[in-house]
Amino acid sequence: DIQLTQSPSSLSASVGDRVTITCQASQGIYNFLAWYQQKPGKAPKLLLYSASKLESGVPSRFSGSGSGTDYTLTISSLQPEDFATYYCQHYSSPPITFGQGTRLEIK
Amino acid sequence: EVQLVESGGGLVQPGGSLRLSCAASGFTFSDYNMNWVRQAPGKGLEWVSFINSGRRIIHYADSVKGRFTISRDNAQNSLYLQMNSLSDEDTAVYYCARSFGIAVGGPADYWGQGTLVAVSS
Numbered sequence: 004d005i006q007l008t009q010s011p012s013s014l015s016a017s018v019g020d021r022v023t024i025t026c027q028a029s030q031g032i033y034n035f036l037a038w039y040q041q042k043p044g045k046a047p048k049l050l051l052y053s054a055s056k057l058e059s060g061v062p063s064r065f066s067g068s069g070s071g072t073d074y075t076l077t078i079s080s081l082q083p084e085d086f087a088t089y090y091c092q093h094y095s096s097p098p099i100t101f102g103q104g105t106r107l108e109i110k
Numbered sequence: 131e132v133q134l135v136e137s138g139g140g141l142v143q144p145g146g147s148l149r150l151s152c153a154a155s156g157f158t159f160s161d162y163n164m165n166w167v168r169q170a171p172g173k174g175l176e177w178v179s180f181i182n183s184g185r186r187i188i189h190y191a192d193s194v195k196g197r198f199t200i201s202r203d204n205a206q207n208s209l210y211l212q213m214n215s216l217s218d219e220d221t222a223v224y225y226c227a228r229s230f231g232i233a234v235g236g237p238a239d240y241w242g243q244g245t246l247v248a249v250s251s
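Same order as they appear, the protein sequences are chains A and B. If you're matching positions, the first sequence starts at 4 in the working numbering and goes up one per residue. If you're matching positions, the second sequence starts at 131 in the working numbering and goes up one per residue.
None of these hints come from the bench; they were simulated from the model. Cβ coordinates follow ideal geometry from the N, Cα and C atoms, glycine included. Worth double-checking, as some hints may not be accurate.
Said to hold, decoys possible - Restricting the straight-line Cα-Cα distance to at most 25 Å, the calculated cross-link-like pairs of lysine-lysine (BS3-like) are:
id: 1; chain 1: A; residue 1: LYS42; chain 2: B; residue 2: LYS173
id: 2; chain 1: A; residue 1: LYS48; chain 2: B; residue 2: LYS173
id: 3; chain 1: B; residue 1: LYS173; chain 2: A; residue 2: LYS110
id: 4; chain 1: A; residue 1: LYS45; chain 2: A; residue 2: LYS56
Stated by the list, open to error - Listed next, the stretches of chain B that the computed footprint assigns to chain A, with coverage defined by at least 3 CB atoms under 8 Å from CB atoms of chain A:
id: 5; segment: 188-200
id: 6; segment: 203-210
id: 7; segment: 234-248
Here chain A stands alone, though its shape is the one from the complex (with noise of 0.2 Å):
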């Protein structure tokens, strides 16, 4: 099974801040890669497939990177409503597996 590792797993950061998330898997995911975003109580939203594609109506402040085992996902400039959880997931082969998340607080 691909494990994933995300880094760090928690973040304080400031409005306007650029903040930089890792994810990095066990083994090679070929691009197979989504990013998550999740609120408490809420389900989670996607943000970013095959690493690096924007799903419709996400902000362009997000965008992601990588190739091979390591890829990062990026906020450009934090707004208010970015404060949430991030969860990264391969979908290159099953099992399909989620990294552990990454909390982003308010500094």
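Starting from the known structure of chain A, arrange chain B on it as the hints suggest.
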């Protein structure tokens, strides 16, 4: 508008069974692959199962294999999860999620609001 509405959750004793349903609307259900994803209280997301649009491709997480059965009725626009031999480790909010593309399991662009399954004596 795409909508996914789960139902069937509740309190069940260890060893018991439960059947979850997910009613889909606002899109052509038979064109899309579907998934169940769960989240234990205060924990992260865990993919549970996948079924493709034509019902021919099915996958399960190792943690539920042999106990859970995913199915769908394209005529009724519904997805199901039959859960047997439940243990307290199955306590979670269960989400149904629509995925697109040919790859198993994702990406999931629409999610239901979730239904809580609590396993306790």
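Structure-based check of all given hints:
| no. | hint | verdict |
| --- | --- | --- |
| 1 | A/LYS42 / B/LYS173 | holds (13 Å) |
| 2 | A/LYS48 / B/LYS173 | holds (17 Å) |
| 3 | B/LYS173 / A/LYS110 | holds (23 Å) |
| 4 | A/LYS45 / A/LYS56 | holds (23 Å) |
| 5 | 188-200 | holds (count 4) |
| 6 | 203-210 | violated (count 0) |
| 7 | 234-248 | holds (count 10) |
Against the hints set out earlier in the document, a violation occurs for number 6 only.
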